[in-house]
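Protein chains: 2
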Amino acid sequence: MSIPVETFFLNPEAQGTLQAQIQQMIAQGILSGRLRKGEKLPSSRKLAGHLGVSRITVTLAYTELQASDYLESRDRSGYFVSNNAPEPPQFAARHPRQDSIDWSRALGRKFTGGATPVKPRDWWSFRYPFVYGQTDPSLFDHANWRHCALRALGQKDFQALTTDYYDNDDPQLIEFIARHTLPRRGILARPEEILVTMGAQNALWLTAQVLLTQRRTAVAEEPCYHALRDILTQSRCHLAPVAVDRDGLPPEALPESADVIFTTPSHQSPTNATMPMGRRKALMARAREMEALIVEDDYEFEMSFLRAPLPALKSLDTDGRVIYVGSFSKSIFPGLRLGYLVGPEPFIREARALRASVYRHPPGHIQRTASYFLSLGHYDSLIRRMGQVFARRRKVMEEALAGHGLGVAGRGVFGGSSIWMQAPDGVDTGELDRRLREKGVLIEPGRPFFHAAEPPGSYYRLAYSSISSERIPEGIARLATELALMR
Amino acid sequence: MSIPVETFFLNPEAQGTLQAQIQQMIAQGILSGRLRKGEKLPSSRKLAGHLGVSRITVTLAYTELQASDYLESRDRSGYFVSNNAPEPPQFAARHPRQDSIDWSRALGRKFTGGATPVKPRDWWSFRYPFVYGQTDPSLFDHANWRHCALRALGQKDFQALTTDYYDNDDPQLIEFIARHTLPRRGILARPEEILVTMGAQNALWLTAQVLLTQRRTAVAEEPCYHALRDILTQSRCHLAPVAVDRDGLPPEALPESADVIFTTPSHQSPTNATMPMGRRKALMARAREMEALIVEDDYEFEMSFLRAPLPALKSLDTDGRVIYVGSFSKSIFPGLRLGYLVGPEPFIREARALRASVYRHPPGHIQRTASYFLSLGHYDSLIRRMGQVFARRRKVMEEALAGHGLGVAGRGVFGGSSIWMQAPDGVDTGELDRRLREKGVLIEPGRPFFHAAEPPGSYYRLAYSSISSERIPEGIARLATELALMR
Numbered sequence: 001m002s003i004p005v006e007t008f009f010l011n012p013e014a015q016g017t018l019q020a021q022i023q024q025m026i027a028q029g030i031l032s033g034r035l036r037k038g039e040k041l042p043s044s045r046k047l048a049g050h051l052g053v054s055r056i057t058v059t060l061a062y063t064e065l066q067a068s069d070y071l072e073s074r075d076r077s078g079y080f081v082s083n084n085a086p087e088p089p090q091f092a093a094r095h096p097r098q099d100s101i102d103w104s105r106a107l108g109r110k111f112t113g114g115a116t117p118v119k120p121r122d123w124w125s126f127r128y129p130f131v132y133g134q135t136d137p138s139l140f141d142h143a144n145w146r147h148c149a150l151r152a153l154g155q156k157d158f159q160a161l162t163t164d165y166y167d168n169d170d171p172q173l174i175e176f177i178a179r180h181t182l183p184r185r186g187i188l189a190r191p192e193e194i195l196v197t198m199g200a201q202n203a204l205w206l207t208a209q210v211l212l213t214q215r216r217t218a219v220a221e222e223p224c225y226h227a228l229r230d231i232l233t234q235s236r237c238h239l240a241p242v243a244v245d246r247d248g249l250p251p252e253a254l255p256e257s258a259d260v261i262f263t264t265p266s267h268q269s270p271t272n273a274t275m276p277m278g279r280r281k282a283l284m285a286r287a288r289e290m291e292a293l294i295v296e297d298d299y300e301f302e303m304s305f306l307r308a309p310l311p312a313l314k315s316l317d318t319d320g321r322v323i324y325v326g327s328f329s330k331s332i333f334p335g336l337r338l339g340y341l342v343g344p345e346p347f348i349r350e351a352r353a354l355r356a357s358v359y360r361h362p363p364g365h366i367q368r369t370a371s372y373f374l375s376l377g378h379y380d381s382l383i384r385r386m387g388q389v390f391a392r393r394r395k396v397m398e399e400a401l402a403g404h405g406l407g408v409a410g411r412g413v414f415g416g417s418s419i420w421m422q423a424p425d426g427v428d429t430g431e432l433d434r435r436l437r438e439k440g441v442l443i444e445p446g447r448p449f450f451h452a453a454e455p456p457g458s459y460y461r462l463a464y465s466s467i468s469s470e471r472i473p474e475g476i477a478r479l480a481t482e483l484a485l486m487r
Numbered sequence: 001m002s003i004p005v006e007t008f009f010l011n012p013e014a015q016g017t018l019q020a021q022i023q024q025m026i027a028q029g030i031l032s033g034r035l036r037k038g039e040k041l042p043s044s045r046k047l048a049g050h051l052g053v054s055r056i057t058v059t060l061a062y063t064e065l066q067a068s069d070y071l072e073s074r075d076r077s078g079y080f081v082s083n084n085a086p087e088p089p090q091f092a093a094r095h096p097r098q099d100s101i102d103w104s105r106a107l108g109r110k111f112t113g114g115a116t117p118v119k120p121r122d123w124w125s126f127r128y129p130f131v132y133g134q135t136d137p138s139l140f141d142h143a144n145w146r147h148c149a150l151r152a153l154g155q156k157d158f159q160a161l162t163t164d165y166y167d168n169d170d171p172q173l174i175e176f177i178a179r180h181t182l183p184r185r186g187i188l189a190r191p192e193e194i195l196v197t198m199g200a201q202n203a204l205w206l207t208a209q210v211l212l213t214q215r216r217t218a219v220a221e222e223p224c225y226h227a228l229r230d231i232l233t234q235s236r237c238h239l240a241p242v243a244v245d246r247d248g249l250p251p252e253a254l255p256e257s258a259d260v261i262f263t264t265p266s267h268q269s270p271t272n273a274t275m276p277m278g279r280r281k282a283l284m285a286r287a288r289e290m291e292a293l294i295v296e297d298d299y300e301f302e303m304s305f306l307r308a309p310l311p312a313l314k315s316l317d318t319d320g321r322v323i324y325v326g327s328f329s330k331s332i333f334p335g336l337r338l339g340y341l342v343g344p345e346p347f348i349r350e351a352r353a354l355r356a357s358v359y360r361h362p363p364g365h366i367q368r369t370a371s372y373f374l375s376l377g378h379y380d381s382l383i384r385r386m387g388q389v390f391a392r393r394r395k396v397m398e399e400a401l402a403g404h405g406l407g408v409a410g411r412g413v414f415g416g417s418s419i420w421m422q423a424p425d426g427v428d429t430g431e432l433d434r435r436l437r438e439k440g441v442l443i444e445p446g447r448p449f450f451h452a453a454e455p456p457g458s459y460y461r462l463a464y465s466s467i468s469s470e471r472i473p474e475g476i477a478r479l480a481t482e483l484a485l486m487r
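Residue numbers (UniProt numbering), protein chains in the order written: chain A, 1 to 487; chain B, 1 to 487.
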């Protein structure tokens, strides 16, 4: 039986080459049972005419489908659905008729309803996106990343790509972190003291699971990264928020009961405060006195384009008290999901066992690609380029903010990618955000960063990591106009 | 100042092209502070002579390093470390002098010491590897995977590659799963009922976290996949093992107290039993009666090369009681870490929120690559090719086992990739494994699959997913010899 040419349609929204689209259309017809074994395909001339593509494109698609056994060609009579083609299912698919489960009872634990706000997924469609932590396509080193990914897909790296690492990491990546990344933060660590994670957030999550219980007290900075607050809340520990000042977390304000202190000394998140060396030492001394552990989230240390960064807290750690969290996702791109934990071996061992249970290991291909990108120096070039651009943007931003007399609450002395802002009294920045969206401006309201039951409504964050210098002045002008209207 | 050519050495174990190695050597020299700004590099002729490479290779490396701002060239006088080169750290790296933390006290929870055995990482160096769940490089469709990965790295897919999905998945992949994968199992699901996970193990982990508490009872098959047992143990629920028979999990043996039933109807892991349709219906009825949920791990359903698979339990589910776990890692390669969960929306919503907290989302590049590999039909070709090869290997294996009179405990009627074996009474298969390793044979002792305090020592698993047909007879012969010696 011949299949009528009229039954073939290319999906108008499909991507990829025409040849790939044709292959896909036919393969899916076979897999869904619409095209059956032994049925004859239209001639390439006929199908080409029907679809409005060149005949050679159809011929190439048929040849490919033959190679993968979807089709077979019979002498002079054309192409047929192969007898070895994959079988469609022999039963109809069904959807549950009704959901008769009482899910409010069936769920053992609830994880929805956390502090982390939902950001607009289409931030790039806003003209003035002062959003934080997203990739700026104009800065990313696409060519070299692609090159490294390709290399990591090569025959030589087959093992690294496909292997089930059980609970191990890519040795090349671990070596680079130990020999090149950590020394730049003043840290020496052995491979057994390093664990690769699915981004910094995953590193914080693993740490919270290993160190905290319902009977332990965790200190979080107030305000702090909302996802960390979700992690700590889910761990069910006692959560003690400690307000930061312009130098970050004040050691003298730590509660005696603290077991684990989560801190961001390089750039406090979200206020951008950098903890001075004196306070770092005082914090270490206070933690020792209280026998507390410290978890140092050293995110964004690379973005120190104004002044060289201070050594990490971990580098002052003489007794194995500090757990260090680093990330590559931030600077390469957030979709990468690659970070690491550095800590004493007994801790890393438990975090590794937990990781193995949760998801075994971060995909080998990603680890290997990153290790090439790092070791060939592309990462450092990227960081440098980003630093130069961010420095320029920041200058434009500061001028614009000063020009409109907008209140800066924290700007960070080393650089970073955002400025922490305070609106005039009485302005609710949640409302400000809603109004600005209609004007094409995206900001980040500050409330979700606070733990307090009645968080201050006047703070907000403006990032310059995803907006070009040229657009900053107009974006800030719109912000200023809206603020003036709301006062 | 000129840098002496003698200080340059290529790492004899380095991989990659010579040009890349030279770039790496110089970039790392700069990053570590060994080569300083303004210092002059040896001429390309001199360095080429010293390293024993061609001059053009050095010139190309220098040009690349100049492009990425590590080096600058000065007219006629050669290459110098650029003034814009990245800064080396300004402080020395230090390692904690002593670990003064009492980690037995500091750890909130322990995750080490689970049931999952450590397999030899170098399994491919054994001549007769009857190992389970590893990639056979001779079967994997490297070229097409590479092609799809490349396409997913293209400019068009930049968003999919780099975006922070927050808590969402790649819409292309979800659509493929909903429209093509699930219907083949008799399942219809909407996108909100599907969650992409880091492999099937991660899907099981998320499910256990959402559904179980210390007050709930989970049924696990006895024997069962050891990693599942680790997951259930860590969730601290009551764990009720129920012995399987030749048809899998017997519904009448389920304890009244069961809240969640974990089962593998397609191929019971590790016995390979396939649950007949009658029992599937009885299991559904029993679960309804007890108001229990069912978690169906449908791993390896694609490897049904002897007979078409039965519809999934989930396809019989009229009241939203079944949570379905699928995986691509198994058939593509385990290092991929890609699976999915299908279940009622209220459940998927909580699993998604938990996933967002634990690691946000599986990397976008991997999701997009898999969606191309699937939609272009490569996945089905691969499955078919694997099925044909596995059928051949299985035949050779069964003949060899029969020839030596070795006892088969479970072989699975639909296919699969392994046979569950029983050694004669008195033979400890842990000891058998140790002895066989010296003979180049790898088997999987059965004890870790059992929950019982005194698990039977006579079972073992032989997989044919990573050993060629040609080597199977000799491997089985060595096994038979060793068994005879141990009796």
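I should point out that these hints are in silico values taken from the structure, not numbers from a laboratory. Treat the hints with caution; some may be incorrect.
Given that identical chains are not distinguished, each listed pair holds provided it fits within a single copy or across any two copies.
[Said to hold, decoys possible] Listed below are the simulated DSSO-like cross-link pairs for lysine-lysine, each with C-alpha atoms no more than 30 Å apart in a straight line:
#1 LYS37 / LYS439
#2 LYS156 / LYS395
#3 LYS156 / LYS119
#4 LYS156 / LYS439
#5 LYS119 / LYS395
#6 LYS156 / LYS110
#7 LYS439 / LYS395
#8 LYS395 / LYS110
#9 LYS395 / LYS37
#10 LYS46 / LYS439
#11 LYS119 / LYS37
#12 LYS395 / LYS46
#13 LYS395 / LYS40
Query raised in the report: Any hints this thing doesn't respect? Which numbers, in order?
Result: 1, 2, 6, 8, 10, 11, 12 and 13
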